[in-house]
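Student: Sequence:
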Amino acid sequence: AYFQIFPSLFASGTRQKPWTTCTVNRDKYDPASEPIPADYRPNVWDTGRARDQPYEYLLKPLEPGRFFHRVKGKHLAVGAGYHTATIHFGLEAHPVIFTRAQWEELVSNPTISGANKDPEKAERLRRFVIPESFINPNAAPKKNGSPRTVTILFAVHFPDHVWALVDFSRLARFHIVSHAQHVDGSMFEPLSHNWESLFKVYGDGPDWILQTEAAQQSLHDWRAKVIAGLSPGMLPIVAELNVNNKVFAGIGRHLANDLCHHVPVHPLMPVILVCKSDYLFDLLSEVLPEYMRLFADKPNFLRKVAPPTSIPRPDTPDMPANDSSSPFVYKHTIQLKYRNLAVHVFRVSQCERVGKALYIRMVAQGLLDSSFVLGKGK
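Just so we're aligned, residue 1 is where the sequence shown starts under the numbering used here, counting upward by one.
If you're looking for bench data, these hints aren't it; they were derived computationally from the structure. A portion of the hints provided could be inaccurate.
[Claimed, not checked] Simulated crosslink set (DSS-like; lysine-lysine; CA at most 30 Å straight-line):
1. K356 / K337
2. K117 / K200
3. K298 / K17
4. K356 / K276
5. K225 / K276
6. K200 / K60
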């Protein structure tokens, strides 16, 4: 496999809020190890955005190599050839897999300007036009008649398919380290020094699945700081789960409400009340790693919501029959499985019922009593 970046589709930020999509470390890298072919012509829009940027040296065909990957919290690290990349998915970024033919069809057409209100900035923020063959013929047309587009920031090329990082909001980030020699598996061994170095760039704390003991210690340290007044105590617990990635790595906005539901603790309860209550804190400490392990459970979760197929095809046994092979068609069956398995704070009619153990915890805390006052329970 080998990497490809798309600088013309990177976010540009603002004066008030600068934003860098791609950062690099090339201290040990020799550009001569991957010479630029004489006949290579990079995309002019990519060349313009990459000029004088630290990642400009990556605008060339990169040498393929064995592919490696690891996950920690909400971050994905991948490696191929001379390079590793650590991806921060932000809020809405997600991977899309294309067959080689689909990819060539997508990128064969010129990119178009973005949707920014500033025409000059829109011209810099490019987008790929989604081919008509990828679009469901029954899909409602866009109101203004404009084409459907997709923003791809980074891709990993395999012999017969392409893995692409898609983010319509352009908030995803990634850090590429270029090495003196080809990447090998030792760098991706969990809990090794090299593994830690892959993920330190975005500053998250211990992983609740692979580093449970260290994560528990960080949770207890956080509690002590809150009680001592060294950390904000009046912040709602749901907000703390969103912003404190040193303690609650891998939670974020998508999971915070569900975790509160599983403890259970009211999402607006101030963290000082959670920390001062031995009962609530012990529940949080017990439920948090249990909840996070669901997302690494291969037989009961991953194989149901992320079938082990490298390329989605209608004739693939693991692919639901009513889901299309188009990379952009909404996967109804998989979405329903995910919602039933992992989403509990949503539409009541479309989620699983409350389990017995959780129901007992809710009753014990008075959360089903309309006259209950936060902080007056256990």
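Student: Hint by hint, note whether the structure agrees.
Tutor: These are the hints, each one checked on the structure:
1. For a cut-off of 30 Å, the pair hint linking K356 to K337 stands: about 21 Å separates their Cα positions.
2. For the hint pairing K117 with K200, the CA-to-CA distance comes to about 36 Å; that exceeds 30 Å, so the pair is violated.
3. Between K298 and K17 the CA atoms are separated by roughly 39 Å; this puts the pair beyond 30 Å, and the hint is violated.
4. For the proposed pair K356 and K276, the alpha carbon gap of about 26 Å is at most 30 Å, so the pair holds.
5. The hinted pair formed by K225 and K276 meets the criterion: a straight-line CA distance of about 11 Å does not exceed 30 Å.
6. For the hint pairing K200 with K60, the CA-to-CA distance comes to about 27 Å; that is within 30 Å, so the pair holds.
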